[in-house]
Amino acid sequence: MLKNELISEEQQRYATLLSWGARSGLALLAISFLAYVFGWMPAHVPLDQLPMVWSLPVHEYLKQTQTPTGWGWLTMAGYGDFASLIGIAWLSGSSLICLLAVIPIYARRRDIVFVSICSIALAVQVLAASGILRSGGH
Amino acid sequence: MLAHTARTTPQSAINWDWRLTSAMGFVLMAFAGMVYAAESAPATSVMAWWGWPLALFFTCFFLGIVAVPSGVGGGVLFVPIVGGFFPFHLDFVRGAGLLVALASALAAGPSLMRVGLADLRLALPLAVLASASSIAGAMIGLAIPANIVQIALGLTILGIVILMATAKKSEFPEVAVPDKLSTALMMHGIFHDASQGKNISWQVHRTPLGLVLFVGIGFLAGLFGMGAGWANVPVLNLLMGVPLKVSAGTSSFILTLVDSSAAWIYLNKGAVLAIIAVPSVIGMMLGAFIGARLLSVLKASIVRKMVITLLLFAGLRALLKGLGIWI
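Residue numbers (the working numbering), protein chains in the order written: chain U, 277 to 414; chain Y, 33 to 359.
Next up, chain Y with everything else stripped away, as it sits in the complex (with noise of 0.2 Å):
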């Protein structure tokens, strides 16, 4: 209804635009100040059960709208904020954080390989050797101490905004010449670009640093527990040269396989509490859900600065945290 009404009406659209805009601003700061009281109140607080979970599913929801129209993945924005402002372990908001990336990736995954924006020979080579180094990440993740991980997903996070601030796209990177290692995998394809309503065939070259990139991209995926799409992506497009919308697609479908195989270290380890790992996934697949259909009348530059301000403020928060600054 939304969009037919931006689709009409420009002038409404812009009113629509700034007024979702506006109160998705005053929600996250809302937000932002509710969990630092909540967080600040005494260990002995009088919330009942059900209330963290409650508020964590509506955070989750809050999380899954921004996360679609800023581009980047739910479980990137899920463990810095649920860890720093919520009374649960990280060890369990990482296992929770895992299932969350995981289940936005099988959802969206599938239909993304019928129309071509996933491609498994692409994905299945990357897949293969970022989910044996995401296993590796679970375990040191869940051997160390918990403020070292916390240090060091402070200063991941502050990197993931440095990197969401400066990064460029590029929508089809020109690929003259594929590389060897590409070519004997057979990783090329064609997909279809409606804005163009045109198919389009693409190639890939610099496969081995690529290769190379994605060890290091699921050890960070897995002890972390946030998904890896904000570095799959860059790697894919930028490094690669495989077009945007297909280094999103087949970022979805690479998740599937690297979150899967470290979220059973975490299951193995039984650190994945359900009364938290599901109204986060619930949570934040309805919130996707709503923010695809917002997609059309948000401004997604203004919500993509927003979420900027939010991970820097979260990074900083799991640095000090970790740092035993700001307990």
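With the rest of the complex left out, here is chain U (with noise of 0.2 Å):
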């Protein structure tokens, strides 16, 4: 195993970051996912009638249940359905605490290219969840 000073600074500080929030993101999915399942949160969408509209397309399935697109789910994150989504945000949203993490590190030894690759990781990272790129139904 390679010993940890032959590992750079910014790759050990973002392996920690991304470990963090993995686990930390895992165990927020299934407490929520229990939470739903279990009847713990009122659920948005009732479990038994979930088979009638889970094989529609999503254009379909949002109409029939008037559920909410980009960041609306977030207002009803006190439903058990939506509840399980803010761990998966939070999965997905584990790189950007990482990337904005090592750009200082970068910056401090001049390394122009590598601020400037992860600053636009960051930003195609932002842009993805900011909900404001929206394509057509099907």
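Source of the hints: derived by calculation from the structure; they are not laboratory data. None of these values were measured; they are calculated from a predicted model. You may find that some hints are simply not true.
Some, not all, of what chain U presents toward chain Y, calculated at C-beta under 7 Å [to be verified]: (1) 287; (2) 290; (3) 303; (4) 343; (5) 345; (6) 360; (7) 362; (8) 396; (9) 399; (10) 404; (11) 407.
Facing chain U, a subset of chain Y residues (Cβ under 7 Å, in silico) [claimed, not checked]: (12) 81; (13) 138; (14) 164; (15) 168; (16) 289; (17) 318; (18) 321; (19) 352; (20) 355; (21) 358.
If you want the footprint, here are the derived chain Y segments under chain U, 3+ residues with CB under 8 Å [unchecked claim]: (22) 116-127; (23) 171-178.
For every residue, glycine included, the Cβ atom is placed at its ideal position computed from N, Cα and C.
Using the supplied hints, reconstruct the complex from the two chains, each of which is provided in its own coordinate frame.
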């Protein structure tokens, strides 16, 4: 195994934060899902009605269940089906903090190229997460 | 326990090997029969709401077990199999598939980075391009008719089957001279190879072509929601000359960025259903945990052949479903 000092500082920092992000996200996901399926939280779409709608295309599902798109689901986090999405969003966003955390290390070394690459990667993730990008339904 | 037995008693190891491999083959066939029978049942199935998520959990648990010894990511197995044989719409299956691939990559990525088997400097430039194109893939995938996606998915899976059956791997590719771009980006490193007991330096070549190919890989990952380890590893290893172990590790790290950007698109579009995604993620991760421990007693080549057969079946299913021949 490589000694820690042979792994760059930024890589170690990235790995540590990613590990915590993944663990906490999975824990959040499991807890919220249990609350959802065991009925500890109410469901926006009743569980016994899901088989009637999960075979529909997404735009049809959204219409029939009056489910919001974009970040609208966050306003309904009191429902178990949306509370479970918090863990999913957490997992999806765990790279954001890692990228933010390594930029200062590259900046300190005046590694402008990797400051730029990390910034672009960050911008791509933020753009994807923003909900600004919308595709048409089929 | 099994691994210990395998190391100490070779004959016992062979017996375990064949018993486990045979059992897995049986389960595979039983699984295919079960899902076919269930899927052929009328839409007004009497199965309770929890029946399908439970079946999904066990399916993903099994897929997780075979994904490790066969050397493919769980995501590539998940989308064609669940998309082909479960009643969920392909939009939701792809959303869940991305999360399965993302969760697996997040679970493995940090430890691989800590031991130098995933390299940040190598991964970041490739991941930036792939994650941007995965957004485009996800948006297009959610905008075009499902049957077109099914046909394209079927053709892609059949392509992956050919790639898996024929592609060679190079443990330590020879890179005599790194290209200018990789030199400028300092894409090189050292990793410890436990089998040789020494540190091995690596460098890369053909970086511009690699970057272009990663644009395409990211697009496919977003379009089909099935991760991209099947394509990442050959490009890193065979094209760019990265050692196989570093290719596999870095691929896993790249997926944490590529799949997360595509997953956001599916999430914002409403194409992530917790009832499908969560049992899949948990089942796949538990299965991968078991699969990693069975690695020393399973005959990887046989498991790999079974997975290729399963993918061939699922690919044909997706193609025929998309063409309206086998609904």
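The hints, checked one at a time:
1. 287: holds (4 Å)
2. 290: Nearest chain Y Cβ about 6 Å off; hint holds.
3. 303: violated (11 Å)
4. 343: holds (6 Å)
5. 345: holds (5 Å)
6. 360: Cβ of residue 360/U sits 3 Å from chain Y, so the hint holds.
7. 362: violated (10 Å)
8. 396: holds (5 Å)
9. 399: violated (9 Å)
10. 404: holds (4 Å)
11. 407: Hint on residue 407/U: holds, closest Cβ of chain Y at ~4 Å, below 7 Å.
12. 81: Where the cut-off is 7 Å and the nearest Cβ of chain U is about 5 Å from residue 81/Y, the hint holds.
13. 138: holds (4 Å)
14. 164: holds (5 Å)
15. 168: violated (9 Å)
16. 289: holds (5 Å)
17. 318: violated (11 Å)
18. 321: Violated. Min distance 12 Å.
19. 352: Since chain U brings no Cβ nearer than about 18 Å to residue 352/Y, farther than 7 Å, the hint is violated.
20. 355: Because about 17 Å separates residue 355/Y from the closest Cβ in chain U, which is outside the 7 Å limit, the hint is violated.
21. 358: violated (17 Å)
22. 116-127: holds (count 5)
23. 171-178: Holds, because 7 residues of the region 171-178 of chain Y bring their Cβ atoms closer than 8 Å to Cβ atoms of chain U.
In terms of the numbered hints stated before, the structure departs from hints 3, 7, 9, 15, 17, 18, 19, 20 and 21, listed from lowest to highest.
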